[in-house]
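Construct the entire structure; sequences and hints are all you get.
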Amino acid sequence: MKKNLLFLACLIAITATAFANPPKGKTKDAKKGNLAVHFKNVVDGKDLKLNDSTSFYKNANGDDFKITTFKYYISNVSLIAKNGDKVAIPDSYFLINAADSTTLNQQITNIPEGKYTGITFTIGVDSARNFAGAQTGVLDPAKGMFWSWNSGYIFVKLEGESPKSTAKKNRLIFHIGGAKAPNNTIRTFTQKFPKTLKISEGKLPELELVANASALFQGKTTVDFAKLNFTMGGPNSVIVADNYADGLFKITKVKN
Amino acid sequence: MKVKGIVFLVLLGFITICTAFNYGFKGINYGIAADSVRFAVPANFPKPVYDFKDNPVTSNGFKLGRILFYDPIISKDKSISCANCHQSFAAFANLDHAVSHGVDECLGTRNAPPLFNLAWQKEFMWDGGVHHIEVSPMNAMTNPCEMATDLNTIVSRLQETKAYAPLFKAAFGTTEINSQRVFRAMAQFTSMLVSAGSKYDKYIRHENGGAFSPEETAGYALFKQKCNTCHQEPLFTDLSYRSNGLDIQSEDIGRDSITHLEADRGKFRVPSLRNIELTSPYMHDGRFETLEQVLAHYNAGVKPGANLDPALHQNNVYGIRLTAIEQNQLITFLKTLTDRDFVNDKRFQAPE
Numbered sequence: 001m002k003k004n005l006l007f008l009a010c011l012i013a014i015t016a017t018a019f020a021n022p023p024k025g026k027t028k029d030a031k032k033g034n035l036a037v038h039f040k041n042v043v044d045g046k047d048l049k050l051n052d053s054t055s056f057y058k059n060a061n062g063d064d065f066k067i068t069t070f071k072y073y074i075s076n077v078s079l080i081a082k083n084g085d086k087v088a089i090p091d092s093y094f095l096i097n098a099a100d101s102t103t104l105n106q107q108i109t110n111i112p113e114g115k116y117t118g119i120t121f122t123i124g125v126d127s128a129r130n131f132a133g134a135q136t137g138v139l140d141p142a143k144g145m146f147w148s149w150n151s152g153y154i155f156v157k158l159e160g161e162s163p164k165s166t167a168k169k170n171r172l173i174f175h176i177g178g179a180k181a182p183n184n185t186i187r188t189f190t191q192k193f194p195k196t197l198k199i200s201e202g203k204l205p206e207l208e209l210v211a212n213a214s215a216l217f218q219g220k221t222t223v224d225f226a227k228l229n230f231t232m233g234g235p236n237s238v239i240v241a242d243n244y245a246d247g248l249f250k251i252t253k254v255k256n
Numbered sequence: 001m002k003v004k005g006i007v008f009l010v011l012l013g014f015i016t017i018c019t020a021f022n023y024g025f026k027g028i029n030y031g032i033a034a035d036s037v038r039f040a041v042p043a044n045f046p047k048p049v050y051d052f053k054d055n056p057v058t059s060n061g062f063k064l065g066r067i068l069f070y071d072p073i074i075s076k077d078k079s080i081s082c083a084n085c086h087q088s089f090a091a092f093a094n095l096d097h098a099v100s101h102g103v104d105e106c107l108g109t110r111n112a113p114p115l116f117n118l119a120w121q122k123e124f125m126w127d128g129g130v131h132h133i134e135v136s137p138m139n140a141m142t143n144p145c146e147m148a149t150d151l152n153t154i155v156s157r158l159q160e161t162k163a164y165a166p167l168f169k170a171a172f173g174t175t176e177i178n179s180q181r182v183f184r185a186m187a188q189f190t191s192m193l194v195s196a197g198s199k200y201d202k203y204i205r206h207e208n209g210g211a212f213s214p215e216e217t218a219g220y221a222l223f224k225q226k227c228n229t230c231h232q233e234p235l236f237t238d239l240s241y242r243s244n245g246l247d248i249q250s251e252d253i254g255r256d257s258i259t260h261l262e263a264d265r266g267k268f269r270v271p272s273l274r275n276i277e278l279t280s281p282y283m284h285d286g287r288f289e290t291l292e293q294v295l296a297h298y299n300a301g302v303k304p305g306a307n308l309d310p311a312l313h314q315n316n317v318y319g320i321r322l323t324a325i326e327q328n329q330l331i332t333f334l335k336t337l338t339d340r341d342f343v344n345d346k347r348f349q350a351p352e
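Taken in order, these protein sequences are the chains called E and V. Under full-length UniProt numbering, the first residue of the first sequence is numbered 1, with each subsequent residue one higher. Under full-length UniProt numbering, the first residue of the second sequence is numbered 1, with each subsequent residue one higher.
I should point out that these hints are in silico values taken from the structure, not numbers from a laboratory. The C-beta atom is built at its ideal place from N, Cα and C for all residues, glycine as well. Worth double-checking, as some hints may not be accurate.
Claimed, not checked - Listed below are the simulated DSS-like cross-link pairs for lysine-lysine, each with C-alpha atoms no more than 27 angstroms apart in a straight line:
#, chain 1, residue 1, chain 2, residue 2
1, E, 180, E, 227
2, V, 53, E, 169
3, E, 143, V, 47
4, V, 76, E, 168
5, E, 220, E, 46
6, E, 66, E, 168
7, E, 82, E, 253
8, E, 157, E, 46
9, E, 143, V, 76
10, E, 180, V, 47
11, E, 86, E, 115
12, E, 66, E, 143
13, V, 47, V, 162
14, E, 58, E, 168
15, E, 143, V, 346
16, E, 192, E, 46
17, E, 86, E, 32
18, E, 46, E, 253
19, E, 49, E, 66
20, E, 143, V, 122
21, E, 49, E, 180
22, E, 143, V, 169
23, V, 162, V, 76
24, E, 250, E, 195
25, E, 195, E, 82
26, E, 115, E, 180
27, V, 53, E, 180
28, V, 78, V, 346
29, V, 76, E, 157
30, E, 180, V, 346
31, E, 253, E, 115
32, E, 40, E, 255
33, E, 32, V, 346
As the list claims (entries may be wrong) - Sample of chain V residues lacking proximity to chain E, with all beta carbon distances greater than 10 angstroms (derived):
#, residue
34, 89
35, 187
36, 217
So this is what it looks like as structure tokens:
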């Protein structure tokens, strides 16, 4: 009997507390929506095909090449609201792998409802996560995008072949990474959308993001595969990162 | 005929067992009891670098890390464990091996560093390329001249080995096995490798067994005068990268391979002098076998390489002049840095 009374008292107390503090948070919380992002990998306008032995691509230097691997991270996505505010999407890390079509369609979730005019994100992985120890999910070092001998993520990985390459088996190996000065290769991409993006609960608007692999080899410095065909961090990676900072990505479509 | 067959089988079994014992393989005992462990900062040590926030040391996490450390399943051909190059009796360095010896008889280029007081290290390896204790085993795991595997292979092998699911569950709450859990369990083991029980430590902390002989006292005074610019107490390293003039031109570019700076060519991390008596051979390439040879180098062998540390070139003298008596006194002091309790600690040894 005593026990029952105690239980009843507790129940009343809990109920009373619940009513005394109405769930303010819920009404205050802005509604959230999601956004589908479709990645399209190209080489100067042509669809990127891995291991395509029938046709070579040409870099800005006129060197023929083919691609066997193309992978990259984007992280720390922020959408730019109509009033100019940057709305950061927490924990936004994406790994796109040309060899795995499931990675080409991503979703950015938990975006506050509203109208957005642009996007900004890190090409690669922010400095903090590079030095934070063993990670999981898309940042799992098992994804093959982490250097064991010089800790840190490979931000952009392109491998292939070019008859011009002086490396063994004419290989091209471009592993771009490094988050420390003077060879920091973290670059930020920012672009205005071709039209306003509307995020609302229950809807799934879409973005098309085109990634141009040949951006690694043109821009500030035209890459000659006879001279530069291998980099894994360091000054040569900085050259490539400076090249792709502006040219790697382009938002081509917004569909509300 | 039947009898012959049985005799043959028994003989075959006998030979197999003998061979196994001959190679010293006793196998991992996945069923060892979980030792009660707690990470504690020794009174004469600073605050550790590793914050343990996301990975507090627990008895079951430590036990899993210990088993992983000793399990050769991690290497390509399942022949080599971490303990092959990091032996407990050598303060987790590789006794008598100038350079590491990996799968397929592959010889590496650098001397396996001892493992202790890692929780105080911001960077790892001779060149400081690894920035975090948790990911430091990945280097050896994936190096084609060491264990030569990859994380996916390791994770799937652990998933296929029945004994591991309950060990991961005990350590992390569920049976899930992923690389983060492997690394975190190993970090629980390696961060617990704290060596602070040497005679020197007892001397500093005014504990029993810490009385220095006149020879040791003289050696300590010399050490403070001539060595502690680089080998700073209490870790006996300032964890910087320096060239100590081993060669005019270093074959191994060292720190330069990480920073890509000419000024770092031929520089290596200043190693701790703790347990130095047990970790022969010495230097990044294991070129010296005895402490006498090391001091002979500092006395008369320092070469004027491009990036030679300024501390080793003062008043137009290369190296650190030391008389034979001084060299003996220094070695006597260095032996007070040997931590027998640490190397004999059963909790750190093979789970057999």
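Tested hints:
Between the alpha carbons of residue 180 (chain E) and residue 227 (chain E) the distance comes to roughly 25 angstroms, so the proposed pair stays at or under 27 angstroms and holds. Restraint check for residue 53 (chain V) and residue 169 (chain E): not satisfied, since their Cα atoms lie roughly 47 angstroms apart, outside the 27 angstroms limit. Distance restraint check for residue 143 (chain E) and residue 47 (chain V): the Cα-Cα separation of roughly 34 angstroms exceeds the 27 angstroms cut-off, and the hinted pair is therefore not satisfied. This hinted pair checks out: residue 76 (chain V) and residue 168 (chain E) have alpha carbons roughly 25 angstroms apart, not beyond 27 angstroms.
About 22 angstroms separates the Cα atoms of residue 220 (chain E) and residue 46 (chain E), which keeps this hinted pair within 27 angstroms; it holds. For the suggested pair residue 66 (chain E) and residue 168 (chain E), the alpha carbons sit about 15 angstroms apart, so the restraint of at most 27 angstroms is met. Distance hint between residue 82 (chain E) and residue 253 (chain E) is fulfilled; the C-alpha atoms sit about 18 angstroms from each other, no more than 27 angstroms. Restraint check for residue 157 (chain E) and residue 46 (chain E): satisfied, since their Cα atoms lie roughly 19 angstroms apart, inside the 27 angstroms limit.
Our distance criterion of 27 angstroms between C-alpha atoms is met by residue 143 (chain E) and residue 76 (chain V), whose separation comes to about 18 angstroms. Annotation: proposed proximity of residue 180 (chain E) to residue 47 (chain V) holds, straight-line Cα distance about 25 angstroms (limit 27 angstroms). A distance of roughly 12 angstroms separates the Cα atoms of residue 86 (chain E) and residue 115 (chain E); the hinted pair therefore holds under the 27 angstroms criterion. Distance restraint check for residue 66 (chain E) and residue 143 (chain E): the Cα-Cα separation of roughly 23 angstroms lies within the 27 angstroms cut-off, and the hinted pair is therefore satisfied.
With a C-alpha separation of about 39 angstroms, the suggested pair residue 47 (chain V) and residue 162 (chain V) falls outside the 27 angstroms cut-off, and the hint is violated. Between residue 58 (chain E) and residue 168 (chain E) the alpha-carbon distance is near 20 angstroms, which keeps this suggested pair within the 27 angstroms criterion. This hinted pair does not check out: residue 143 (chain E) and residue 346 (chain V) have alpha carbons roughly 36 angstroms apart, beyond 27 angstroms. Only pairs whose Cα atoms come within 27 angstroms are accepted, and residue 192 (chain E) paired with residue 46 (chain E) is accepted, the gap being roughly 24 angstroms.
With a C-alpha separation of about 16 angstroms, the suggested pair residue 86 (chain E) and residue 32 (chain E) falls inside the 27 angstroms cut-off, and the hint holds. In summary, the hint linking residue 46 (chain E) to residue 253 (chain E) is supported, as the alpha carbons are separated by about 17 angstroms, within the 27 angstroms threshold. A C-alpha spacing of about 9 angstroms is found between residue 49 (chain E) and residue 66 (chain E), which places the hinted pair at or below 27 angstroms, so the restraint holds. Using a Cα cut-off of 27 angstroms, the hinted pair residue 143 (chain E) and residue 122 (chain V) holds, with the two alpha carbons roughly 25 angstroms apart.
Taking the CA atoms of residue 49 (chain E) and residue 180 (chain E), the gap is about 33 angstroms. The hint is violated against a cut of 27 angstroms. At roughly 24 angstroms between alpha-carbon atoms, residue 143 (chain E) and residue 169 (chain V) fall within 27 angstroms of each other, so this suggested pair holds. Distance check on the hinted pair: residue 162 (chain V) and residue 76 (chain V) sit about 19 angstroms apart at the alpha-carbon level, within 27 angstroms; holds. Our distance criterion of 27 angstroms between C-alpha atoms is met by residue 250 (chain E) and residue 195 (chain E), whose separation comes to about 14 angstroms.
For the given pair, residue 195 (chain E) sits about 11 angstroms from residue 82 (chain E) by alpha-carbon distance, which is consistent with the 27 angstroms threshold. Taken as a hint, the residue 115 (chain E) and residue 180 (chain E) pair is broken in the structure, with Cα atoms around 36 angstroms apart against an allowance of 27 angstroms. Between the alpha carbons of residue 53 (chain V) and residue 180 (chain E) the distance comes to roughly 24 angstroms, so the proposed pair stays at or under 27 angstroms and holds. For the proposed pair residue 78 (chain V) and residue 346 (chain V), the alpha carbon gap of about 24 angstroms is at most 27 angstroms, so the pair holds.
Straight-line distance between C-alpha atoms of residue 76 (chain V) and residue 157 (chain E) comes to about 25 angstroms, which keeps the hinted pair within the 27 angstroms bound. A hinted pair counts as satisfied when its Cα atoms are at most 27 angstroms apart, and residue 180 (chain E) with residue 346 (chain V) does not qualify at roughly 40 angstroms. Distance restraint check for residue 253 (chain E) and residue 115 (chain E): the Cα-Cα separation of roughly 16 angstroms lies within the 27 angstroms cut-off, and the hinted pair is therefore satisfied. A hinted pair counts as satisfied when its Cα atoms are at most 27 angstroms apart, and residue 40 (chain E) with residue 255 (chain E) qualifies at roughly 15 angstroms.
A threshold of 27 angstroms between alpha carbons decides the hint, and for residue 32 (chain E) with residue 346 (chain V) the separation of about 55 angstroms lies outside it, so the pair is violated. With a closest Cβ-Cβ approach of about 27 angstroms to chain E, residue 89 (chain V) is found to remain outside the 10 angstroms limit, as its non-interface label requires. The Cβ of residue 187 (chain V) does not lie farther than 10 angstroms from every Cβ of chain E; its closest approach is about 8 angstroms, which violates its non-interface assignment. Every beta carbon of chain E lies more than 10 angstroms from that of residue 217 (chain V), the smallest distance being close to 42 angstroms; the non-interface claim holds.
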